[in-house]
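Could you build all of it, start to finish, from the sequences and the hints given here?
For the sequence shown, the numbering used here assigns the number 451 to the last residue and increments by one with no breaks.
FYI, nobody ran anything at the bench for these hints, they're computed from the structure.
Here the structure is a predicted model, which means the values were calculated and not measured.
One or more of the hints may lead you astray.
Said to hold, decoys possible - Listed below are the simulated SDA-like cross-link pairs for lysine to any residue, each with C-alpha atoms no more than 20 Å apart in a straight line:
#1 220 with 259
#2 295 with 214
#3 176 with 216
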Amino acid sequence: MAATELMEKIVSLAKRRGFIYPSAEIYGGFRSTYDYGPLGAAMLRNVKGSWWRETVERRRDVVGIEASILSSPRIWEASGHLKNFTDPLVDCRSCKERWRADHIDGVCPNCGSTDLTEARAFNMMFRTFVGPVEDDASVAYLRPETAQGMFVNFANVLQTSRKKPPFGIAQMGKSFRNEITPGNFVFRTREFEQMEMEFFVPPEEAAKWFQYWYETRLAWYVNHGIAPEMLRLRHHDPDELSHYSAATVDIEFLFPWGWGELEGIANRTDFDLKAHQVASGVKLEYFDPTTNMSYTPFVIEPAAGATRAMMAFLIAAYREDEVGNEARVVLGLHPRIAPVQVAILPLMKKSPLVEVAASIFDDLSEFFLCDYDETQSIGRRYRRQDEIGTPVCVTVDYDSLEDASVTLRDRDSTSQIRVKISDLAPTISSQFESYSPKV
Numbered sequence: 013m014a015a016t017e018l019m020e021k022i023v024s025l026a027k028r029r030g031f032i033y034p035s036a037e038i039y040g041g042f043r044s045t046y047d048y049g050p051l052g053a054a055m056l057r058n059v060k061g062s063w064w065r066e067t068v069e070r071r072r073d074v075v076g077i078e079a080s081i082l083s084s085p086r087i088w089e090a091s092g093h094l095k096n097f098t099d100p101l102v103d104c105r106s107c108k109e110r111w112r113a114d115h116i117d118g119v120c121p122n123c124g125s126t127d128l129t130e131a132r133a134f135n136m137m138f139r140t141f142v143g144p145v146e147d148d149a150s151v152a153y154l155r156p157e158t159a160q161g162m163f164v165n166f167a168n169v170l171q172t173s174r175k176k177p178p179f180g181i182a183q184m185g186k187s188f189r190n191e192i193t194p195g196n197f198v199f200r201t202r203e204f205e206q207m208e209m210e211f212f213v214p215p216e217e218a219a220k221w222f223q224y225w226y227e228t229r230l231a232w233y234v235n236h237g238i239a240p241e242m243l244r245l246r247h248h249d250p251d252e253l254s255h256y257s258a259a260t261v262d263i264e265f266l267f268p269w270g271w272g273e274l275e276g277i278a279n280r281t282d283f284d285l286k287a288h289q290v291a292s293g294v295k296l297e298y299f300d301p302t303t304n305m306s307y308t309p310f311v312i313e314p315a316a317g318a319t320r321a322m323m324a325f326l327i328a329a330y331r332e333d334e335v336g337n338e339a340r341v342v343l344g345l346h347p348r349i350a351p352v353q354v355a356i357l358p359l360m361k362k363s364p365l366v367e368v369a370a371s372i373f374d375d376l377s378e379f380f381l382c383d384y385d386e387t388q389s390i391g392r393r394y395r396r397q398d399e400i401g402t403p404v405c406v407t408v409d410y411d412s413l414e415d416a417s418v419t420l421r422d423r424d425s426t427s428q429i430r431v432k433i434s435d436l437a438p439t440i441s442s443q444f445e446s447y448s449p450k451v
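This is how it looks when you write it as structure tokens:
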């Protein structure tokens, strides 16, 4: 399948099935903004929830916070964002479009003209004002990343959590970047969600933890259903490292248009803590009672985009095949991130089967994300659930009234087994625990 055709099918499915809609569509849309529909909101929540569980809840050395989106301009001055968070901007004199100079190779993608202005630095932070008076004293910024909220709360978390290096502070939330040329669906947007963690380590252990975290984060994507050949690690060359970084590696995904960054893992050294310590006058060090000495920890930062990750999972899961000489579209999503995990389908509506199906829904929805569907033929309902990535369907038929059993259908193999209603929850749980993606 051609790359452009695959992307068109993903975008079409996302809107048709309620994953992602163009924002403000009834008003003609608003460039590079998207709304997440019922299935998209559920899937995005699952992606974030799985990241949080693996990064925070299942670890003894990481805690979570939620810092504010609006923040003091002094934070962004100390971090270097006011000075360094820029892209090179050029204007096309022919069609008046604006582009990132490092993305267009001297030719306007819109009209083909080479008559471009000189590149100038463009700061990507969204500027706003706090309070009723719009003056320099009330300037604030929407955060372009979640990282700084973890750095400025380092001393608070250190004191209240009683952790010691190596330990991490994690956060999920919205970030905002005034991108010059957003595009490729939700790959690059001006409003997006991040999943970031700052892991504070003794300086001499930074290299070890850097490797540990990029290997751990790569495994997370594979364990959630992305084929290893669709992922790669790209280490940054010295001349492309950020001003704070001693080493950075990107986890890249093979998107339809080529390799693109899913997540960056950086050794940020002690740059951020020292910068905020100097700017604020507040000590941001760790006192080691075993040596009676204080030091500024180095920081290893895995920084992922939740919305970008969700898009990669959709692309990696999409496939077309045939069942009984009938074409079908399947999203082979891992059960942990599927927006619907179990669909309960009574064979006939307006029948005694509905009451049994409703009772099963009530029971299973305590453990799984469930959908209930009684419209159209059972074959059409199976195809609909396949297309949205539902791993298993539970079909209630007239035999269920006699034997208290139902048909459990697997999405990937389309195989069916009879299961006692009383055994449904443990049977499905067992299938999900042993799930192996079909790639």
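Earlier hints that do not hold, by number: Violated hints: none; all satisfied.
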